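Enquirer: If you want the building blocks of each chain, they are given just below.
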Amino acid sequence: MTGKRPRSFYLLAAFFALFLLFLYGPTLTIAILSFQGPDGGLTFPMRGVSTHWFADLFREQAVGDIWGSFSRSLVLGVMVMLTTVVVSVMGGLAFRKRFVGSTVIFYLVITSLVIPSILVSLGVGLIFSQSGLNVHWSTSGFGSQLTWTLPFGLLIMFAVFNRFDRSFEEAARDQGASAWQTVRHVVLPIIAPSLIGVALFGFTLSYDEFARTLLTSGSYNTLPLEIYGMTTNVTTPVIFALGTLTTLFSLGVIAIFLLSVWVQSRRRARHGSDAGQGMV
Amino acid sequence: MRNLLKNRNVSGWMLASPLAVVLVCFLVLPIAMIIVVSFWGATEFSIYPAFLFDNYAFLFGSPVTYSVFFNTFKYAVITWGFTLVIGFTVAYFLAFHVRSLTWQIALFLLCTIPFWTSNIIRMISWIPFLGRNGLANSTLISWGVIDEPLEWLLFSDFSVILAFVHLYTLFMVVPIFNTMMRIDRSLIEAAYDNGASGLQTLTNVIIPLTKPGIMIGSIFVVTLVMGDFITVRFMSGSQSANVGRLISNDIALLQYPSAAATAVVLLSTVLLIIAVLLRFVDIRKEL
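Respectively, the protein sequence lines represent chains A and B. Position 269 (the first sequence) corresponds to 268 in numbering that gives the first Met the number 0; numbering is contiguous. Position 170 (the second sequence) corresponds to 169 in numbering that gives the first Met the number 0; numbering is contiguous.
Just so you know, these hints were derived from the structure itself, not from any lab. This structure is a prediction, so every number in the text was calculated from the model and none was measured. Treat the hints with care, as some may be off.
If you anchor each label on the Cβ, the simulated ranges turn out as follows [to be verified]: (1) B/Thr111 to A/Thr138: 50 to 60 angstroms; (2) A/Val103 to B/Glu43: 18 to 28 angstroms; (3) B/Leu51 to A/Tyr219: 34 to 44 angstroms; (4) B/Phe44 to A/Tyr219: 17 to 27 angstroms.
For glycine and all other residues, C-beta sits at the position ideal for the given N, C-alpha and C.
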């Protein structure tokens, strides 16, 4: 497979480029349109260039409780991220051996992944309302989001442990390490880069989650719910400005995570271990 | 105690217990609650415990239900077709035509990054493209292809499916790419050595070996589309309906029992489809 590239390569490369344009084009468009002049509308042409609509976001009365909802989404995202990492690692460790009921749990995880989100929202909302509890983003919202992030975290952990070389653990045990010491000093360092991946899924899926939080967040909205509310009553480019900012925030978060994976693997390469080099 | 800890069932359950607790509290119990409430009665303002089949009788007696379910299947099938073709082509390019691993990873990440950004923003961003005075219409008019703006670009079945394809194609790309990367390259060389053309290799070697990835991608896409309510509502401008919207409308009217009955039927349908698809693939082996 060396030498001159076949014609199909160029066709496929063009297709791929179009696909990327399709993926990113609309987002770039609203990024441009968010710099509309003060008289500009939701579509082209641009009526001047300004940061008017970004400034609008910082004016308290102009739009809803954006900053409150942003900080709630942020806190919730971190809560979900930490829980997802811990629970997924424990779950991943548990599933390395078959135990009674492991198949049931496995299929529950799959169900959790494929169940229509609105059902989780509806069911959790009903349980809370019928038992007289108040729905709140940090309780019912938190739990509902976990049903979406945990399956991803677990699937990643399954993939990681399927490729895990057990001889490292055996070596540790042979040298007298306890079960906990083996996990702490051998297993966790080896799977660390994948944990960053799990954390990335946990945070971003929570930060953007909409349907599962809809009926479970109570009177205080998370950011996606706030944005959704805006789509029905805001008809100015301020919504594009918000969209651009929150997308930039997501991209920043993704960059931080990817960068830390890269730094980790560099450091590992320097130290000369070949662990965890398999593709996930 | 030491022996107890060594018992794999005990240690397994100890490690899996947080997972089990979350799944029971926020998945199993809510589903049970929905099933229970689907038999309850409702007044205009409240719901009350009962054991009625009214909700199901109404659901199955209404012609709206059938047309809405038909619409849901329609969206699912069309979206599945597009995402499969696009996703397969993209994954095929990445796996077999991009030669360096670094480039493969970089381009693969480019495809997956939108997955970690907001779906709602990605939907909103189609408005300036598809609107009456949007980019698509003004471009087509300036090229002289059309004289008047096309009305069906935004707030139509077209825009709904476009948004679905936009949002969910990467759910096809990722599993298909993952499976393709595991295909033993010598099999492809063997096919060429035996005189197979590129197309024959594709249909006789690569596609059969990629089937598990295709199945997993299909499970994602079909369930995401069937359970959706927000994309259909937003991109159709509330003009089209699917089952998810039926449920969310009932919820908005506080008709929880009726919403629950629809939810039970939807869940059964989705799980039935998954059960059929899972017959073709062993998920645990594919991870």
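Enquirer: Each hint needs a verdict: does it hold in this structure or not?
Expert: Hints, one by one, checked against the model:
1. The hinted range of 50 to 60 angstroms is not satisfied by B/Thr111 and A/Thr138, whose Cβ atoms lie roughly 31 angstroms apart.
2. Range check, A/Val103 to B/Glu43: about 41 angstroms between beta-carbon atoms, so the 18 to 28 angstroms window is missed.
3. Distance hint check for B/Leu51 and A/Tyr219: the Cβ-Cβ separation is about 35 angstroms, which falls inside the suggested range of 34 to 44 angstroms.
4. Taken as a hint, the range 17 to 27 angstroms holds for the pair B/Phe44 and A/Tyr219, whose Cβ atoms sit roughly 24 angstroms apart.
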